[in-house]
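**Student:** Sequences listed follow chains F and G, in order.
The opening position of the first sequence corresponds to residue 1006 in the numbering used here, with each subsequent residue numbered one higher.
The opening position of the second sequence corresponds to residue 1006 in the numbering used here, with each subsequent residue numbered one higher.
A couple of the hints might just be wrong.
One copy or two, either will do: identical chains are not told apart, so a pair holds if it fits within one copy or between any two.
[Said to hold, decoys possible] Capping the alpha-carbon separation at 27 angstroms, the derived lysine-lysine pairs in DSSO-like fashion look like this:
(1) Lys-1107 with Lys-1351
(2) Lys-1420 with Lys-1320
(3) Lys-1368 with Lys-1107
(4) Lys-1256 with Lys-1107
Since the hints were derived computationally from the structure, they do not count as laboratory data.
On a predicted model such as this, the values are computed, not experimentally measured, just so you know.
Protein chains: 2
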Amino acid sequence: MKILTHRAQTKALSLAGKEDRCHPVRVPTLILCKQIASLHFLQVESLTTWPRTDLDDFLGRGGWLWNLINLKEQRDPFSLVADELSTLANRLRSMVVSEVPKLASAAEYFFKMGVEGNRYQPTVLLLMATALNVPKTSRPPDAAANTLSTELRSRQQSIAEITEMIHVASLLHDDVLDDADTRRGIGSLNFMMGNKLALLAGDFLLSRAFVALASLKNIEVVSLLGKVVEHLVTGETMQMTTSSDQRSSMKFYMQKTYYKTASLISSSCKAIALLAGQTAEVSILVYDYGKNLGLAFQLIDDVLDFTGTSTSLGKGSLSNIRHGIVTAPILFAMEEYPELRAIVDKGFEDSANLDLALEYLGKSRGIERTMELATMHANLASAAIDSFPENEDEDVQRSRRALVELTHIVITRTK
Amino acid sequence: MKILTHRAQTKALSLAGKEDRCHPVRVPTLILCKQIASLHFLQVESLTTWPRTDLDDFLGRGGWLWNLINLKEQRDPFSLVADELSTLANRLRSMVVSEVPKLASAAEYFFKMGVEGNRYQPTVLLLMATALNVPKTSRPPDAAANTLSTELRSRQQSIAEITEMIHVASLLHDDVLDDADTRRGIGSLNFMMGNKLALLAGDFLLSRAFVALASLKNIEVVSLLGKVVEHLVTGETMQMTTSSDQRSSMKFYMQKTYYKTASLISSSCKAIALLAGQTAEVSILVYDYGKNLGLAFQLIDDVLDFTGTSTSLGKGSLSNIRHGIVTAPILFAMEEYPELRAIVDKGFEDSANLDLALEYLGKSRGIERTMELATMHANLASAAIDSFPENEDEDVQRSRRALVELTHIVITRTK
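Construct the entire structure; sequences and hints are all you get.
**Tutor:** This is the structure we're talking about:
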């Protein structure tokens, strides 16, 4: 956590320096620290370890707090699209109405988990729409051009909804797969009914997603997102049916990760660009952003599965490795310690074997190299945004900064 | 079986009368009977019970056999499109190739069950394509018009493939649902792996179907078939979650039957018409044909679940009623004997209760009225074809006759 604190410290100080003007307001240190912590999505505790001299210097620059808060408004990617996200959630709810109430409620139940649990995907897509110079619908349309923009924005919101429907459908089906695995043999009728409904609600959402896609009347977009469903399935099957050689291959792991996590966000980003009539070059950059952000996200997820919110090994849920799913940290550790492969091949039903694997991971650079790889992908995502065609519009600039900020959030998150 | 025999007898005699010319060939009675039986898709045994005088009269009309055989060629709906069906099966196999061999083989395995087990749907669709005046691709394209027709035919073949993919995907998912129900608690790893693959292979086929749909570049068709998947899911959920009132309602049963069985064939028939650029009026007729054929098919299926290949009650697999699924024969019996509802509501885990329900069904007109309802829908399907715009083309006429013949086959089938 030291590295992160240092990073936050440097950034906050440089921001404070830049924005040092007007509003001489004095506030207690604790509130101040919390604001900074919240700005950088860090734990408050980590900030209190700052060297006292730096903190005094920092606090000494009177009046910068309001600017910081204002900056936070501008830079927090989620708050930039908060209103639109909530409209989106309502529109999604109205889209899963079905003649069969149980089906709708099953779909909606999981939706809540999707939309309200993880707002990354719709946030990225809405920011991307603005970053490509498409105004938000919240502005009153007062001219023909504005009406056109409003219509485009509405179509791009549909992409965010469709992405969420596909995402939740895949969660529902994964759930059926996981349940079948972990709870087999103890199924009550209720549990099975839940599974059946989960399967059917997943199919229902997929069909709604495709009908919504068709209504966008853009064949390239339909094809693009149709392919994503195939990727999700392919990734899941790869994970389910791997041989020992495949399980030990970094290439196989990255391919599977692309299919399972990065394909959906990269393709839906591209769909946003296609609807906006962007050039092929820009579409590729947009796709690259989504792909690299998705890969970085999953790599960090795989680290957190070992570390949880701390940096200590074994504090995470270890859910992947317990299910025999080998991820990047172990793969990097294997490169350093080839004998780890035989341990992995034995499986982890025996907890002594799991402890042994964790011991190897601990003495290797597995976690560190995974973080480095995640950072590399985050940087590639950020670089894609920097290569966007120049545009001086304030909204566009703000959304691009937020997309870059998201690449930091993804790799510094602790949950 | 007596009614069917009488029907076949009348038809065969009238055909023989009409086609009584040339080729005076004598053949032994047995072969003759077999030809007639095969022509009318009846069991040979049933024909041998014909009154001797009729048979003598029938056989007395020399020379009609070759005409009959020739007619059979023209009228057997399946043989008319046999070559194209086999091309279709090969194209389907090449479409389910996946990077993950297990996924492809799971999808293909169930495909064989679909395509080779039940050729009704692709047969109807290919015949419909010709019935709407679209030549088959087997003809060498020797002019620009022909090339256009060939392209259209190929797109219509795609509809048949996509329909089959959606159909098999729904079979795969139904299988997961059924297995969860009947085999819960005894799942081995293999069994669970089978279920997982079935779920994923179903999703895989759905995504392939949608990508193939998108490539047809006709938004109305994409939307139409997207809606079908929703109908399949809605029908399945209706069946799973019915209340006692719903289970006893003929309206609910017919709605569910439409969603589960008739929606796919009616919508894909309509897609064939839309691709051919037919008018809205013709599209409605085409849709009506598919819908009524699908309903007739399911009603007969529900009869056969009680009777099997004979007309005796209880000879069928009784798989619906054993799973608490109430179908038309029981619903009609309930109208005559309202006390049957309380018996049905008790469920059929107790076989004495099942026997009691079958007793009521036996003394009611349930089976008979279901057959009558199926016949009514078959006649409506047939009437839709008769209302098609006039067209004297021989191929078109032959396909229309075959579609009408299918309505007979569907209601006279014994398996």
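**Student:** All hints are to be evaluated individually against the structure, with a verdict given for each.
**Tutor:** Status of the hints after comparison with the structure:
Proximity of Lys-1107 to Lys-1351 under the C-alpha cut-off of 27 angstroms is restricted to the inter-copy arrangement: shortest distance 23 angstroms between copies versus 43 angstroms within a copy. Proximity of Lys-1420 to Lys-1320 under the C-alpha cut-off of 27 angstroms is restricted to the intra-copy arrangement: shortest distance 12 angstroms within a copy versus 60 angstroms between copies. Taking the shortest Cα distances, Lys-1368 and Lys-1107 never come within 27 angstroms of each other, neither inside one copy (51 angstroms) nor across copies (37 angstroms). For the identical chains of this complex, Lys-1256 and Lys-1107 are inter-copy neighbours only, at 19 angstroms across copies versus 42 angstroms inside a copy, given an alpha-carbon limit of 27 angstroms.
Hint check: a violation occurs at hint 3 only; the rest are consistent with the structure.
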